[in-house]
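Chemist: Chains as they are written, first to last, in our numbering: chain A, 1 to 182; chain B, 1 to 802.
Quick caveat, the hints were computed from the structure, so don't treat them as lab data. Check the hints yourself; a few may be wrong.
[Unchecked claim] Each pair of labels, with its calculated beta carbon distance range:
| no. | chain 1 | residue 1 | chain 2 | residue 2 | range |
| --- | --- | --- | --- | --- | --- |
| 1 | A | R121 | B | E66 | 57 to 65 Å |
| 2 | B | R68 | A | G48 | 33 to 41 Å |
| 3 | A | R25 | B | D148 | 39 to 47 Å |
| 4 | A | D35 | B | W108 | 33 to 41 Å |
| 5 | A | S85 | B | E608 | 38 to 46 Å |
| 6 | B | E134 | A | A128 | 42 to 50 Å |
| 7 | A | D126 | B | V453 | 18 to 26 Å |
[Stated by the list, open to error] A few chain A residues that face chain B, going by a derived Cβ cut-off under 8 Å, partial list only:
| no. | residue |
| --- | --- |
| 8 | G40 |
| 9 | F96 |
| 10 | A135 |
| 11 | T142 |
From a predicted model like this one, the values you see are computed outputs, not experimental measurements. Think of the CB as a built atom: it goes at the ideal place given N, C-alpha and C, for glycine as much as any other residue.
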Amino acid sequence: MHQEDIVIVTLKVNGVERPLAVEPRRLLCDALREDLGLTGTNLGCEQGVCGSCTVLVDGESVRSCLMFAVQAGGCEITTVEGLASGETLHPLQAAFWEKQALQCGFCTPGFLMAGVELLRRNPEPDEAGVRAALAGNTCRCTGYEHIVDAVLAAADGAARERTFAEEPEVDVAAEVVAREGR
Amino acid sequence: MSQTTPTTPTRVGPGPTTWTPGKVGESDRRPDGVPKVTGEFEYSSDMRLDGMLWGATLRSPHPHAEIRQIDTSEAEDLPGVYAVLTHEDVPGRKVYGMEIPDQPVLAWEKVRYQGEPVAIVAADHPETARRALEKVHVEYGVLDPITDAEKAVQEDAPKLHLSGNVLRRIRILHGEGVGAAAKADVVVRGEYEVGMQDQAFLGPESGLAVPDGLGGVDLYISTQWLHIDQDQVAESLGMDPDQVRLTLSGVGGAFGGREDLSMQIHACMLALETERPVKMAYNREESFFGHVHRHPAKLRYEHGATRDGNLVYVKARLVFDGGAYASSSNAVCLNAATFACGPYEVPNAEIESHMLYTNNPPCGAMRGFGAVQACFAHEAQMDKLADELGLDPLDLRIKNALKPGDRFPFGQEVPPPAPVREILERVKVMPLPEEQEVMGRDLRGLPGGVSNVTHGEGVKRGVGYAVGFKNIGFSAGFDDYSTARVRLTVEDGEPLVEVHTAAAEVGQGLLMLQAQIARTELGVEKVSILPADTRVGSAGSTSASRQSYVTGAAVKLACEGVRERLFERAREELGEPPDGLSVEAGNVVRDGRTVVPLAELLDGDELEETCEYHHRETHPLDENGQGDVHLQYAFAAHRAVVEVDVELGLVRVVEIATAQDVGKIINPQALEGQIEGGIAQGLGLALMEEIQVKEGKVLNASFTDYLIPTILDMPTVKMEVLELADPEAPYGLKGVGEPPTIASTPAIVAALRDATGLELTRIPVRPEQLAGVSDGPPLPDEPTPGGAGYAEVGRLDGRRET
Ligand code: FES
Ligand code: FES
Numbered sequence: 001m002h003q004e005d006i007v008i009v010t011l012k013v014n015g016v017e018r019p020l021a022v023e024p025r026r027l028l029c030d031a032l033r034e035d036l037g038l039t040g041t042n043l044g045c046e047q048g049v050c051g052s053c054t055v056l057v058d059g060e061s062v063r064s065c066l067m068f069a070v071q072a073g074g075c076e077i078t079t080v081e082g083l084a085s086g087e088t089l090h091p092l093q094a095a096f097w098e099k100q101a102l103q104c105g106f107c108t109p110g111f112l113m114a115g116v117e118l119l120r121r122n123p124e125p126d127e128a129g130v131r132a133a134l135a136g137n138t139c140r141c142t143g144y145e146h147i148v149d150a151v152l153a154a155a156d157g158a159a160r161e162r163t164f165a166e167e168p169e170v171d172v173a174a175e176v177v178a179r180e181g182r
Numbered sequence: 001m002s003q004t005t006p007t008t009p010t011r012v013g014p015g016p017t018t019w020t021p022g023k024v025g026e027s028d029r030r031p032d033g034v035p036k037v038t039g040e041f042e043y044s045s046d047m048r049l050d051g052m053l054w055g056a057t058l059r060s061p062h063p064h065a066e067i068r069q070i071d072t073s074e075a076e077d078l079p080g081v082y083a084v085l086t087h088e089d090v091p092g093r094k095v096y097g098m099e100i101p102d103q104p105v106l107a108w109e110k111v112r113y114q115g116e117p118v119a120i121v122a123a124d125h126p127e128t129a130r131r132a133l134e135k136v137h138v139e140y141g142v143l144d145p146i147t148d149a150e151k152a153v154q155e156d157a158p159k160l161h162l163s164g165n166v167l168r169r170i171r172i173l174h175g176e177g178v179g180a181a182a183k184a185d186v187v188v189r190g191e192y193e194v195g196m197q198d199q200a201f202l203g204p205e206s207g208l209a210v211p212d213g214l215g216g217v218d219l220y221i222s223t224q225w226l227h228i229d230q231d232q233v234a235e236s237l238g239m240d241p242d243q244v245r246l247t248l249s250g251v252g253g254a255f256g257g258r259e260d261l262s263m264q265i266h267a268c269m270l271a272l273e274t275e276r277p278v279k280m281a282y283n284r285e286e287s288f289f290g291h292v293h294r295h296p297a298k299l300r301y302e303h304g305a306t307r308d309g310n311l312v313y314v315k316a317r318l319v320f321d322g323g324a325y326a327s328s329s330n331a332v333c334l335n336a337a338t339f340a341c342g343p344y345e346v347p348n349a350e351i352e353s354h355m356l357y358t359n360n361p362p363c364g365a366m367r368g369f370g371a372v373q374a375c376f377a378h379e380a381q382m383d384k385l386a387d388e389l390g391l392d393p394l395d396l397r398i399k400n401a402l403k404p405g406d407r408f409p410f411g412q413e414v415p416p417p418a419p420v421r422e423i424l425e426r427v428k429v430m431p432l433p434e435e436q437e438v439m440g441r442d443l444r445g446l447p448g449g450v451s452n453v454t455h456g457e458g459v460k461r462g463v464g465y466a467v468g469f470k471n472i473g474f475s476a477g478f479d480d481y482s483t484a485r486v487r488l489t490v491e492d493g494e495p496l497v498e499v500h501t502a503a504a505e506v507g508q509g510l511l512m513l514q515a516q517i518a519r520t521e522l523g524v525e526k527v528s529i530l531p532a533d534t535r536v537g538s539a540g541s542t543s544a545s546r547q548s549y550v551t552g553a554a555v556k557l558a559c560e561g562v563r564e565r566l567f568e569r570a571r572e573e574l575g576e577p578p579d580g581l582s583v584e585a586g587n588v589v590r591d592g593r594t595v596v597p598l599a600e601l602l603d604g605d606e607l608e609e610t611c612e613y614h615h616r617e618t619h620p621l622d623e624n625g626q627g628d629v630h631l632q633y634a635f636a637a638h639r640a641v642v643e644v645d646v647e648l649g650l651v652r653v654v655e656i657a658t659a660q661d662v663g664k665i666i667n668p669q670a671l672e673g674q675i676e677g678g679i680a681q682g683l684g685l686a687l688m689e690e691i692q693v694k695e696g697k698v699l700n701a702s703f704t705d706y707l708i709p710t711i712l713d714m715p716t717v718k719m720e721v722l723e724l725a726d727p728e729a730p731y732g733l734k735g736v737g738e739p740p741t742i743a744s745t746p747a748i749v750a751a752l753r754d755a756t757g758l759e760l761t762r763i764p765v766r767p768e769q770l771a772g773v774s775d776g777p778p779l780p781d782e783p784t785p786g787g788a789g790y791a792e793v794g795r796l797d798g799r800r801e802t
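Excised from the complex, chain A in its bound form (with noise of 0.2 Å):
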């Protein structure tokens, strides 16, 4: 790698500025993941089909493992980790767990991305519409009903918001430490 490959390209994500140097072909999910730490977004297949990276830029769902990092210089990412507001979960969030529209949970992050972008887009879609929206997303586990149910009830507004302290109590101080211990 010679030095005048590189770029420094500056991404806003999750609402912070993060500069990098990267090469030019060095992709999103791949600056996203190993040179951020933003493991949430997962890779299924690095091709374009499985929707498990789709990130928001600026707005839009993108498949991360489709695009360069530089493409998105200048831009605002928005990766799974940036839906919880502090504590409180996104209602998409929300509607996932509560209607336990995951299992393995691969998929869910790219499935809530799309999905945020769906009801954005349309804020009371039928599920013709919201099967439509999801179309680029697989997911081997569920068989897909519980994912439906859970963005149809999100847009209902029928997930209530629920924080991390209450229950079910989920031990984030441990995973913070495993995290740190690396």
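Here the structure of chain A is known, so what remains is to put chain B with the ligands in place on it, guided by the hints.
Modeler: For chain B with the ligands alone, kept in the frame of chain A given last:
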């Protein structure tokens, strides 16, 4: 190459998960739900550690070849490369395998399938590791591959293993066998074929091996069975099992595909060699080569019945392509043989089940294994028979349905409950979805959706039924058990139960189940589930739909042990007669009145029990294929409604209706997820999923070319769940994971036949078959460059050198 660093970084593993779970029978919000929706959850592919190296695997481009020479020197000289290892570097047993250790850790002398690991490297960057693979020079002497299981048995076929090419043969003779043929008024025959399906779990294989600085190693891995991994890794490293400690890391789905080892031994070898942590992560393409698949099968059947529709005999010959190595083929062969006749009372039968070695990709466990292939064929036969007899296909099934007290063709008495008739009657009366006018419909509602270029002129509707069953738990004399450690303590004045097992949560909701049992049995509000690892005894595999039963029973047993000791205390310290005590909401209770709060009774002590639960003994088959071979049977019936565009060969599955007996619902929402997800995989096998193999080479090792059902392919599922308790099982439950995958496939194909009038004897059914332009599966002539997986096999990103 001795660029080792002096200190070994240590890794803090995952922590306990603590929450207030639901009780047995209630839906619960997954405790891993929050980290999974926030992106905090750590999958095995997310792990990283300072100073870690990246491992990569060189795989054989040939399905069958001699290895003449391996030259690693150029790779070793590459800056940034820390180790290049071959079979010579395997410190212990050079082969591995769950049942039959016949698979080389790294190939020597010969490679037997395309994608077989030949060398491994560790480097400071994943790209350096990939470059190094290109610098490993392997001289192959290419051999003709055996790619047809039927040819593998021929006398002149080259022997792929010292034991020959027959992995297993089972023959079941029941009643008079085909000797009863004379009593049949009607005979139907058929030949069926099942393609090779992939588990296609969404999170590819990955793991992190960390040397402990004392000669041992810690492995963080996504797997289905920690202890069988531990045993195999230790054997091949030439170590005691306690020097190889495994911890489950976040699993992105499994479905059988993580039951065999992938990079477990490789990562540990590299970590020990370099004295650095080594991470290995496959990409999607490598994942297709990195795990076993569902066995392709050819099934030949003959059914005889009386004029009024009573089955007289079944003759079946099942031939499975096991691929290059044994994996769990033995058990698949057994399941297929024992489930060959379906859940019907069959007075006479002759079944042969053959499992053969070939140079195709190794096949092993996938959801419903063995039963899935057989069910496709026996259900097609039942429809054929009904047609021949002029009977309703559902009525024919109901007439011949197995019931408790009957004998399976392998001699075992059918244990109660066996509600075959009931579940069939349930799907029979479930209302059919209304027929919608096709013309003028929203395009999205046509078969093929917006890609349908017609107005729906060629759309025909069809309805099909099928019923299937599956053994739950390990069979045929295997000592199948699970271990649970349960500890009752007081934390912040509140009683807390800590549960520790090695059982792998792969997404199915096992954390919830264990906690629900603990809460129910010990009457506490708070439960903490410790991470699964090998510090506690084996839990057995997360497969065969067995964890709810076997690990569920172990947790229950350990909780009961703790509860007994609590009551004992109450008797000793408070003089309470032990009979009639129970625990509820953190108190010891009698007749609804609190006797003493748990916290007070414990008085700062802890009560701990470690229990193993071994299920009832089973037995192998004898030479006539007879024996009490399976533990528990779970049944599900499906009805599929489809619309087929017979001009375009496109399909829309309108609805799946199912009835399944689960014994006891432990968690309604998780159960729905299992049923719906299982049906989706059955739908995939019926309509689209196949690893295409030509001359031993995989043609479609990518999600672009290997299709799995999307949200548009999957219809709504209508379900009826029966709770008929199994008196032997904890809470009466039955395993639920596999049955949905079994009969959903044949139900869909039956519906396609109903719509088109075609025979459709091979799955997955292709559009060209439905449009009537082809009978079989045409394969492309040459692997297409770019996604085909030969030259680039083993590189992490699947990109070609330019
Ligand atoms: S990883 Fe990007 S679409 Fe699959
Ligand atoms: S929950 Fe596993 S892939 Fe969707």
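Chemist: Would you mind marking each hint as holding or not holding in the structure?
Modeler: Hint by hint, here is what the structure shows:
Separated by about 59 Å at the C-beta atoms, A/R121 and B/E66 satisfy the suggested range of 57 to 65 Å. Our hint of 33 to 41 Å for B/R68 and A/G48 holds, since their Cβ atoms are close to 40 Å apart. Range check, A/R25 to B/D148: about 43 Å between beta-carbon atoms, so the 39 to 47 Å window is met. Checking the proposed 33 to 41 Å range against A/D35 and B/W108 shows it holds: the Cβ atoms sit about 40 Å from each other.
Taking the beta carbon of each, A/S85 and B/E608 are about 41 Å apart, inside 38 to 46 Å as hinted. For B/E134 and A/A128, the hinted distance range of 42 to 50 Å is satisfied, since their beta carbons lie about 49 Å from each other. Between A/D126 and B/V453 the Cβ separation comes to about 25 Å, which falls inside the hinted range of 18 to 26 Å. Proximity of A/G40 to chain B holds as hinted, the smallest CB-CB distance being about 2 Å (cut-off 8 Å).
Hint status for A/F96: holds, given a least beta-carbon distance of 5 Å to chain B, under 8 Å. Annotation: interface hint on A/A135 holds; nearest CB of chain B at approximately 5 Å, less than 8 Å. Taken as an interface hint, A/T142 checks out: its beta carbon lies about 5 Å from the nearest beta carbon of chain B, inside 8 Å.
Of the numbered hints given earlier, the model fails none.
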